[in-house]
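> So the chains spell out like this:
Protein chains: 2
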Amino acid sequence: MAAPAEKHDVFKAIADPTRREVLRLLSENERPISEITSHFSMSRTAVTKHLQILAEAELISGRKEGREKIYQLHPEPLNEVKQWLSYYEKFWSNKLSILKNLVEEDGDS
Amino acid sequence: MAAPAEKHDVFKAIADPTRREVLRLLSENERPISEITSHFSMSRTAVTKHLQILAEAELISGRKEGREKIYQLHPEPLNEVKQWLSYYEKFWSNKLSILKNLVEEDGDS
DNA sequence: TAAACGCGAAACCAAATGGTTATATATTTT
DNA sequence: AAAATATATAACCATTTGGTTTCGCGTTTA
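Chains L and Z, in that order, give the protein sequences.
Here UniProt numbering is used: the first residue of the first sequence is 1, the next is one more, and so on.
Here UniProt numbering is used: the first residue of the second sequence is 1, the next is one more, and so on.
These are calculated hints, taken from the structure and not from any lab test.
One or more hints might be untrue.
One copy or any two copies: either way a pair holds, since identical chains are not told apart in the list.
[To be verified] With a cut-off of at most 25 Å between alpha-carbon atoms, the simulated SDA-like pairs for lysine to any residue come out as follows: (1) K90 x E56; (2) K90 x A55; (3) K64 x P75; (4) K49 x I70; (5) K90 x H74; (6) K82 x A55; (7) K12 x A55; (8) K90 x P17; (9) K64 x T45; (10) K82 x L25; (11) K69 x A46; (12) K12 x R44; (13) K90 x E28; (14) K82 x N29; (15) K12 x I53; (16) K69 x W92; (17) K69 x T18; (18) K90 x G62; (19) K64 x F91; (20) K90 x R63; (21) K12 x E76; (22) K90 x H39; (23) K64 x E21; (24) K82 x P17.
Since the model is a prediction, treat every value here as computed from it, not as a measurement.
Turn these sequences into a full structure, and let the hints steer you where they fit.
Here you go:
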């Protein structure tokens, strides 16, 4: 079953600095929306929209807990970016990249 | 002298699939604009705009040669993405990532 | 039970994005 | 010199993006 035409791909998701900061925050801890919002100078509604985009890219997920919605990180989709990048690494590679590429052959599946 | 607030960062530059395809094309060969355009179903003007965004991110550069403008790839700025990604790799890492991270310690500078 | 909290959803807005067509200019080519 | 080629630039357009404010609703807490 191939990917069903994802609405927001991971490349677009990480293109925004606010969203990258959200990812960093969630890499430390899972957090409710209000807590995430407190780290930015924008409204909770705006932050929620960023969270939705990240969730559509499956980089985060949220669970409802009481009146809070707690989001956590799922970094796996970043692997697509990593794979894409690996193609270009050979172009600016230093001497170690041959070994690194060999190591990465294992990667997925 | 720090980076002078780049107008288009590399994350935004690679967010668009057309621009990623341009990078792939230029990874094979340097090419004039018309040649690049022939690979897409959009106007030369539209392609030129993508080229400008990639050039602002310093991922490509163009030189004028006769009446043609020939673009070539400069993949080095992708290193910023790689660095960013490396922080998250530890979260989904398989057993090999420890070795890989050690290897990459050398990386830049 | 009333007030405060956390969130969702809708309506709205300005600016950026990704595209178009038209026109002009410099360089070959015939 | 005239025609064709390759590009640049400007004006325009629709949609997306990133933000806002407002209102309503379930969940705690006083």
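> Broken hints, numbered, in rising order?
none
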